[in-house]
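Chemist: Residues in the sequence shown are numbered from 1 upward in steps of one, following UniProt numbering.
Among the hints, erroneous ones may be present.
[Stated by the list, open to error] Quick list of simulated restraints, FRET-style, between CB atoms:
(1) Asn-214 / Phe-34: 42 to 48 angstroms
(2) Gly-97 / Asp-226: 14 to 20 angstroms
(3) Val-96 / Ile-6: 32 to 38 angstroms
(4) Ile-202 / Asp-226: 33 to 39 angstroms
Treat the hints as calculated values from the structure; they're not laboratory data.
Heads up, the beta-carbon is just placed ideally off N, CA and C, and yes, glycines get one too.
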Amino acid sequence: MNTLDIRTVNVVQYIKPLREGGSLPAIVKADDDFLYVLKFRGAGQGKKALIAELIGGELARAVGLKIPELVFMHLDDSFSKTEPDEEIQDLLKFSVGLNLGLHFLSSAITFDPLVTTVDAIIASKVVLLDSIISNIDRTVKNTNLLHWNNELWVIDNGASFYFHHNWATWEQHLTRTFPLIKDHVLLSQATELRTVAEEFLIKLTDEKITEIINTIPEDWLQYEADDLSPDEMRNAYTTYLKAKLTMVDSLIKEAEHAR
Numbered sequence: 001m002n003t004l005d006i007r008t009v010n011v012v013q014y015i016k017p018l019r020e021g022g023s024l025p026a027i028v029k030a031d032d033d034f035l036y037v038l039k040f041r042g043a044g045q046g047k048k049a050l051i052a053e054l055i056g057g058e059l060a061r062a063v064g065l066k067i068p069e070l071v072f073m074h075l076d077d078s079f080s081k082t083e084p085d086e087e088i089q090d091l092l093k094f095s096v097g098l099n100l101g102l103h104f105l106s107s108a109i110t111f112d113p114l115v116t117t118v119d120a121i122i123a124s125k126v127v128l129l130d131s132i133i134s135n136i137d138r139t140v141k142n143t144n145l146l147h148w149n150n151e152l153w154v155i156d157n158g159a160s161f162y163f164h165h166n167w168a169t170w171e172q173h174l175t176r177t178f179p180l181i182k183d184h185v186l187l188s189q190a191t192e193l194r195t196v197a198e199e200f201l202i203k204l205t206d207e208k209i210t211e212i213i214n215t216i217p218e219d220w221l222q223y224e225a226d227d228l229s230p231d232e233m234r235n236a237y238t239t240y241l242k243a244k245l246t247m248v249d250s251l252i253k254e255a256e257h258a259r
C-alpha cells in the first residue's frame, strides 16, 4: 500500500494553547526538538478534522503550494494529569494516541488581504484547491493563510470534506459544485484558474490521490457511529477527489462567475 513518508514524533512538552482556534490547538514541543501546532483528535470535529487537514495539506503540497510539514504526533496520558485548566485537561485526556501536528512557523503573521496582494497563480491554486476539497473556511473573517519569509503558506484545512460528517449522503456530493467559493478571501486575485487547472490534472494523478488517502491512520477512520468500514471511507475520499477533478471546468466557471 503506497503511503506518503510522514514522520511520527512524540509530544514532550505542552507549551500553550492557541485560543484563536475554535478547536483549541496548541503549540507543543516534540522529541525531535521542534515546535509544532498540535491539532487534537479529542477536539470538536475530532478525527474527521485531522483527516481533512491531512488530505487537504498534502494535496496543497502536491500542487506546489507552501504548507508546513505535517507530522503524526503521539500524545501520552501524562499531560492531562498536570494541566490545571479543566477544558484543556479534558482535551488532552480525550486526545491520547495519534494526533496531527504542523511545523510551527515562528514569527509568521496572519495573511491580511488588505495589506498583501498575492501572485495570481498562487491565488488561483488556493481557490481551485479549496473548490475541490470543499473548504468552507478560507474567508476574509478567517483566512487560514500565513505570511512567512515573504511567502504565502496554507494552513488549516480541517473544515474541508464536510460530506464526511454524514456518510449516509456522501454520494450526493459527487456531482455538486461549491457555491461557497464566492466568499473565498483570494477569489478576486484568482485570475489564472484555467492555467493552474492543467497543472492540477498533471500532478493529482490517481496514484498521488491514493498515496495520500492511504496515509490516513487506520484508527482515525474508526467511529462507532458510522456504518462504513475504514476501507469504504478511503474509497469514498478517493472517489470524491477523482469526481471533483473530472468536473474542474464547472468549478472554474462557478468561481469565475462569482468573481
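Chemist: Could you tell me which of the numbered hints above are not met by this structure, giving the numbers in increasing order?
Modeler: 1, 3
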